[in-house]
Amino acid sequence: MPQTVRGVISRSKKQPVELVDIVIPDPGPGEVVVDITACGVCHTDLTYREGGINDEYPFLLGHEAAGTVESIGPGVTHVAVGDFVILNWRAVCGECRACKRGRPHLCFDTFNATQKMTLTDGTELTPALGIGAFADKTLVHQGQCTKVDPEADPAVAGLLGCGVMAGLGAAINTANIGRDDTVAVIGCGGVGDAAIAGAALVGARTIIAVDTDNRKLDWARSFGATHTINAKELDPVATIQDLTDGFGADVVIDAVGRPETWKQAFYARDLAGTVVLVGVPTPDMTLEMPLVDFFSRGGALKSSWYGDCLPERDFPTLISLYRQGRLPLEKFVSERIGLDAIEDAFHKMHAGEVLRSVVVL
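In terms of the UniProt record's numbering, the sequence shown opens at residue 1 and continues consecutively.
Hints in this document: simulated from the structure, not taken from any laboratory. Glycine residues also receive a C-beta, built at the ideal position from the N, C-alpha and C atoms. Please note: incorrect hints may appear among the correct ones.
Said to hold, decoys possible - Label pairs and their calculated CB-CB ranges:
{"#": "1", "residue 1": "232", "residue 2": "4", "range": "44 to 54 Å"}
{"#": "2", "residue 1": "300", "residue 2": "70", "range": "42 to 52 Å"}
{"#": "3", "residue 1": "54", "residue 2": "331", "range": "28 to 38 Å"}
{"#": "4", "residue 1": "47", "residue 2": "213", "range": "17 to 27 Å"}
{"#": "5", "residue 1": "75", "residue 2": "6", "range": "28 to 38 Å"}
{"#": "6", "residue 1": "96", "residue 2": "178", "range": "40 to 50 Å"}
{"#": "7", "residue 1": "176", "residue 2": "95", "range": "47 to 57 Å"}
{"#": "8", "residue 1": "4", "residue 2": "214", "range": "13 to 23 Å"}
{"#": "9", "residue 1": "75", "residue 2": "35", "range": "18 to 28 Å"}
{"#": "10", "residue 1": "95", "residue 2": "215", "range": "41 to 51 Å"}
What the hints assert, rightly or not - Subject to a maximum C-alpha distance of 20 Å in a straight line, what follows is the list of computed SDA-like cross-link-like pairs (lysine to any residue):
{"#": "11", "residue 1": "331", "residue 2": "43"}
{"#": "12", "residue 1": "116", "residue 2": "228"}
{"#": "13", "residue 1": "331", "residue 2": "149"}
{"#": "14", "residue 1": "263", "residue 2": "297"}
{"#": "15", "residue 1": "216", "residue 2": "228"}
{"#": "16", "residue 1": "116", "residue 2": "18"}
{"#": "17", "residue 1": "100", "residue 2": "297"}
Please take these sequences and the hints and turn them into a complete structure.
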């Protein structure tokens with residue numbers, strides 16, 4: 001039987017979110033109902049509310065989530081009832097050209113649940129990133145569930161579902177940072193600090209954090225930054241070069257995603273160095289630079305989608321490192337809130353007061 005539960009929706013552009021009753025259908029073929037335990041408040045949810053993704057309102061927000069599999073539909077073999085899972089928005093298809101070439105982390109045809117969750121009047125909801133986890137329960141495709149150690153704190157584990165994984169993966173998977181590398185990270189919110197934590201985890205020699213907010217720079221130090229630069233006070237490019245023997249960093253990660261920060265990343269790297277863009281630009285942003293600079297400086301210019309992660313490979317490993325005390329994921333949780341406090345959490349996030357507010361159910 002379909003279930004009626006609480007969920008947080010965005011009904012129209014730039015309007016406050018609402019806590020309403022929503023209807024969760026029984027899982028169909030390949031689908032799973034997950035009882036949500038915790039869900040992080042990510043900037044992407046705010047972008048949905050602001051109309052920055054598309055206009056398919058109403059949205060059921062929330063996607064950085066962990067919970068327990070409550071029921072499964074026909075043909076589900078990936079998870080079982082009772083499994084503790086992290087939800088992801090990359091349910092690998094196994095059939096697209098990327099998957100067939102052995103690159104499932106780039107899957108071009110990921111799955112979501114086929115059925116729609118609805119309001120009680122039958123209005124179909126668009127779940128954020130195909131998940132919709134600001135709710136007591138949600139409906140997803142089985143491939144969107146990754147089983148992990150049930151002893152992990154759900155408020156911590158769920159953050160791997162988006163922002164924290166994006167930053168860690170940008171450092172470890174996309175940039176392939178190695179021991180003794182010099183690294184700079186521009187933008188020290190949740191994604192940037194996760195990139196810093198990833199660089200520290202793999203043994204980078206120098207990790208330089210760049211931001212305009214001293215509070216965020218303090219956070220960056222707690223995740224492993226060896227040096228910090230307030231970009232309001234110092235030229236980031238010149239200072240990064242000064243801190244790397246005049247050469248520039250081996251890897252520079254742009255966790256902001258603006259033309260000016262990308263240019264800083266480009267010119268702050270060493271010759272043949274790597275730039276990774278993980279911050280998400282808006283469609284109106286453009287970039288104009290001398291083409292000869294791309295040729296003469298060499299190296300690699302990369303974009304990182306979801307940290308180039310493969311959830312089945314990466315989530316259990318990162319949870320294991322967290323459980324061993326080698327990866328301080330718990331530091332990302334700034335506060336634990338209820339479903340009725342999400343609008344306030346958006347304001348705190350926009351003001352830079354928190355790394356992550358986490359809804360705990």
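Legend entry - Distance restraint hint 42 to 52 Å, applied to the beta-carbon atoms of residue 300 and residue 70: For residue 70 against residue 300, whose Cβ atoms are near 44 Å apart, the range 42 to 52 Å holds.
Legend entry - Straight-line alpha-carbon gap residue 100 to residue 297, limit 20 Å: 34 Å, violated
Inset, instruction - Take a quick look at whether residue 331 and residue 43 sit within 20 Å of each other, Cα to Cα. - result: 18 Å, holds
Inset, instruction - Measure nothing beyond the straight line between the CA atoms of residue 116 and residue 18; if it is 20 Å or shorter, mark the hint as holding. - result: 19 Å, holds
Legend entry - 28 to 38 Å as the expected CB spacing between residue 6 and residue 75, which holds or is violated: 29 Å, holds
Legend entry - Beta-carbon spacing of residue 176 to residue 95 - inside the hinted bounds 47 to 57 Å or not: Given range 47 to 57 Å: violated, Cβ gap about 27 Å.
Legend entry - Range hint 18 to 28 Å (beta carbons of residue 75 and residue 35) holds or violated: 21 Å, holds
Legend entry - CB-CB spacing for residue 178 and residue 96 relative to the 40 to 50 Å hint: 30 Å, violated
Legend entry - Restraint status (C-alpha distance of residue 331 to residue 149 at most 20 Å): With Cα atoms ~19 Å apart, residue 331 and residue 149 stay inside 20 Å; holds.
Legend entry - Holds or violated: residue 116 to residue 228, with C-alpha atoms at most 20 Å apart: This hinted pair is violated, its Cα atoms lying about 46 Å apart.
Inset, instruction - Mind checking the hinted window 13 to 23 Å against the Cβ distance between residue 4 and residue 214? - result: The hint (13 to 23 Å, Cβ to Cβ) is violated, given that residue 4 and residue 214 are roughly 47 Å apart.
Inset, instruction - Could you grab the alpha-carbon distance between residue 216 and residue 228 and see if it respects the 20 Å cut-off? - result: 10 Å, holds
Going down the numbered hints, you'll see the structure goes against 6, 7, 8, 12 and 17, while the others check out.
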